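Below, each chain spelled out in residue letters.
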Amino acid sequence: MALEWFKRDRTGLVSQPKKATPDNLWVKCDSCGEIVFSRELEKRLHVCPKCGFHFPVPGDKYVSILTDEGTWEEFDRELHSTDPLGFKDQMKYSDRIAASMKKTGLHEALTTGTCAIGGHPCVMGIMEFAFMGGSVGSVVGEKFARAVDRCLAERRALIVVSRSGGMRMQEGMVSLMQMAKTSVKLVELADAGLPYISLLTNPTTGGTTASFSMLGDVNLAEPGALIGFAGPRVIKQTIGQDLPPGFQRSEFLMEKGFLDRIVPRSEIKSTLETLLTFFMKKEPKAS
Amino acid sequence: MAETKPILGANHGAAGGGRSSFADTYVMDFEKPVAELERKIAEMRSLATGSGMKSLSVEIDRMEKKAAHMRQEVYRNLSPWQKVQIARHPRRPYTLDYVTRICDSWLELHGDRGFADDHAMVAGMASIGGIDVMLIGHQKGRGTKDNLFRNFAMANPEGYRKALRFMRLAAKFRRPVITLIDTPGAYPGLGAEERGQAEAIARNLYEMARLPVPIVGIVIGEGGSGGALAISVTDEIHILEYAIYSVISPEGCASILYRDAGQAPQAAESLRLTAPDLLKFNIVDGIIAEPSGGAHNDPDVAAANVKAQILTSLDRLIPLPEDRLLAARHKKYEKIGFWLDH
Ligand SMILES: [Zn+2]
Chain R
689 MALEWFKRDR
699 TGLVSQPKKA
709 TPDNLWVKCD
719 SCGEIVFSRE
729 LEKRLHVCPK
739 CGFHFPVPGD
749 KYVSILTDEG
759 TWEEFDRELH
769 STDPLGFKDQ
779 MKYSDRIAAS
789 MKKTGLHEAL
799 TTGTCAIGGH
809 PCVMGIMEFA
819 FMGGSVGSVV
829 GEKFARAVDR
839 CLAERRALIV
849 VSRSGGMRMQ
859 EGMVSLMQMA
869 KTSVKLVELA
879 DAGLPYISLL
889 TNPTTGGTTA
899 SFSMLGDVNL
909 AEPGALIGFA
919 GPRVIKQTIG
929 QDLPPGFQRS
939 EFLMEKGFLD
949 RIVPRSEIKS
959 TLETLLTFFM
969 KKEPKAS
Chain V
36 MAETKPILGA
46 NHGAAGGGRS
56 SFADTYVMDF
66 EKPVAELERK
76 IAEMRSLATG
86 SGMKSLSVEI
96 DRMEKKAAHM
106 RQEVYRNLSP
116 WQKVQIARHP
126 RRPYTLDYVT
136 RICDSWLELH
146 GDRGFADDHA
156 MVAGMASIGG
166 IDVMLIGHQK
176 GRGTKDNLFR
186 NFAMANPEGY
196 RKALRFMRLA
206 AKFRRPVITL
216 IDTPGAYPGL
226 GAEERGQAEA
236 IARNLYEMAR
246 LPVPIVGIVI
256 GEGGSGGALA
266 ISVTDEIHIL
276 EYAIYSVISP
286 EGCASILYRD
296 AGQAPQAAES
306 LRLTAPDLLK
316 FNIVDGIIAE
326 PSGGAHNDPD
336 VAAANVKAQI
346 LTSLDRLIPL
356 PEDRLLAARH
366 KKYEKIGFWL
376 DH
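So the sequence lines, in the order shown, correspond to chains R and V.
If you're matching positions, the first sequence starts at 689 in the numbering used here and goes up one per residue.
If you're matching positions, the second sequence starts at 36 in the numbering used here and goes up one per residue.
Chain R on its own, in the form it takes in the complex (with noise of 0.2 angstroms):
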């Protein structure tokens, strides 16, 4: 349930988004091993031209690939963590959160802000993993529910898009409870009649996915991404055995019927804007 990210940052399961710079202009895809031009990648959403794999990227690139333009205004980013628990393990939490907010420039693993798509008004959340494994506390949960309030208050449709390693256990239970307070918020959306998409990206796992990422109007997710309950390692200890090939990866979901969609990144805005035009037009009354 909570997350397992650092030994994933280990062994490099999920790499840190590559910036384009002049001393940087090649990137090694970590997929098929293809050494591509960073710019023709930055072209191409960074999605790799050989074999289609999704690097991952800062969140507001999903802003500008997502959203009209000149739309998008953030809110409640001054929101932040406190240390309820006064928890330590090799290190004080304060300073997991001070070296995570130094990282990424963000003040936690969820941003969100309003904005248009197609012109349909909006909500939109953007986990960030390379924020503490885009793990959820208080703050994320916090957001997420202010996210939804904004939502009821200016009849916006909410889209997410998940990419976590799970709950924050170092909230420990107040970051369980979380899972709890965002589907409590979802319930009030569904009882507005209005919708709720929710685009899983790489990797979502634990809670987040036990809880919003899954309950979706819609569940769309980018090609390859993992998605699932317990972490790979944990099942592999539980059963004593490798994992099948694409074991817990988009394909796999769709195939087992738990997402609706498979989009890649360059399709997600246009099926984002029939979606919504599905479930916010307003069609005159029939008479």
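Because the hints were derived from the structure by calculation, they are not lab data.
Do not take every clue at face value.
Claimed, not checked - No farther apart than 27 angstroms at their CA atoms in a straight line, the calculated lysine-lysine pairs in the DSS-like style are these:
id, chain 1, residue 1, chain 2, residue 2
1, V, K75, V, K89
2, V, K342, V, K315
3, R, K957, R, K944
4, V, K315, R, K780
5, R, K738, R, K716
6, R, K780, V, K370
7, R, K738, R, K969
8, V, K367, V, K342
9, R, K776, V, K370
10, R, K749, R, K716
11, R, K780, R, K716
12, V, K342, R, K776
13, R, K924, R, K944
14, V, K180, R, K924
What the hints assert, rightly or not - So the derived list for chain V, only partly shown, Cβ under 7 angstroms to chain R, looks like this:
id, residue
15, Q232
16, E234
17, Y241
18, C288
19, S305
20, L314
21, I318
22, G321
23, I322
24, E369
25, F373
Computed from a prediction, not measured in an experiment: that's the story for all the values here.
The C-beta atom is built at its ideal place from N, Cα and C for all residues, glycine as well.
Chain V with the ligand: place on chain R using the hints.
Here is chain V with the ligand on its own, set in the frame of chain R:
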């Protein structure tokens, strides 16, 4: 097919929870001095019966008082890690042990109508203190064979879907739902992932958030993460004094954060998983007292306390109109968390 036998069942001779009935087995380290004293008392008692000496019975009385006092002292100063041991105690009463003690009637029902009957989750129609309820709970097993049958109370998706089916049935006929929480966690297996473990848990959270009847939860043993939460979105949740509820097992936390599963006792401290801590952070609504020496030491008293709390909670919740019930449930979860706005 095995059925979990309520070893501690009220109809069984050993049951009444007499201390000596279990004292020889499953003694935890910190209970050993008390157990040793109790063994001596038992010895003296058999001697006294044989000889009929009066002076011995005075001595036995004195020693019994001492043992009771020692037990109280030990339990007053338990560390979080010791509470974890008690919550997982193999003689601790499980869901069906409570059912036999708190229900006037009980009819178990099975299956999720989609895939299978998950034996890690039990459900049935019950009457408690004259009130008809749907009772749902995780079920641990006793002994290896029974535990394999129950999958150590680690439910698969069909277990959560089974629970949800009976919650919906309860809602249809306007009966309150009682859940008893006692699981190490949701099962992390291949099949569980294939059948949508995450979706099953998420669906329960969502549906429980809008179930139009009162829901009362009791953490009776181990509240293990998402697998526990999947039947824990409630109007009121209470926890037994020595039960635990945690976002991750202390062992799991230690192996990730301390890179050493042996640090579990330290992780148990850090995670704030004990009843008093959970109450402090508004995770639970109340603590149910356990008998001296823990629920396993006197299951009848533990069950009576659980029953009393269920009836008190239902008494408050049943009269509430549906809209107020749901609004209060939402509010309770919306306010959980700690953050700064600036
Ligand atoms: Zn490639």
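Subject >> Hinted contact Q232/V with chain R - closest CB pair below 7 angstroms >> reply: At 4 angstroms from the nearest chain R Cβ, Q232/V passes the 7 angstroms test, so the hint holds.
Original post:
Can the restraint linking K75/V and K89/V be considered satisfied, given a maximum Cα separation of 27 angstroms?
Top reply: 17 angstroms, holds
Original post:
Taking 27 angstroms as the top limit, are the C-alpha atoms of K780/R and K716/R close enough?
Top reply: With Cα atoms ~35 angstroms apart, K780/R and K716/R exceed 27 angstroms; violated.
**OP:** May I ask you to test the interface hint for I318/V with respect to chain R, counting a Cβ-Cβ separation under 7 angstroms as satisfied?
**Re:** Holds. Min distance 5 angstroms.
Original post:
Holds or violated: E369/V as interface residue toward chain R, Cβ cutoff 7 angstroms?
Top reply: 6 angstroms, holds
Original post:
Does the alpha-carbon distance linking K957/R and K944/R stay inside the 27 angstroms limit?
Top reply: 25 angstroms, holds
Original post:
Is the shortest C-beta separation between S305/V and chain R less than 7 angstroms?
Top reply: 5 angstroms, holds
Original post:
If you draw a straight line from the CA of K738/R to the CA of K969/R, is it 27 angstroms or shorter?
Top reply: Violated, at about 38 angstroms.
**OP:** Sort out whether K716/R lies within 27 angstroms of K749/R, counting only the CA atoms.
**Re:** 20 angstroms, holds
Original post:
Straight-line Cα separation of K924/R and K944/R no greater than 27 angstroms?
Top reply: With Cα atoms ~20 angstroms apart, K924/R and K944/R stay inside 27 angstroms; holds.
Original post:
Within 27 angstroms, alpha carbon to alpha carbon, are K315/V and K780/R?
Top reply: 21 angstroms, holds
Subject >> Residue hint E234/V, partner chain R, criterion CB-CB below 7 angstroms >> reply: For E234/V, the interface hint holds, since the closest Cβ of chain R sits about 5 angstroms away, which is under 7 angstroms.
In this structure, the hints that do not hold are numbers 7, 11, 12, 20, 22 and 23, in rising order.
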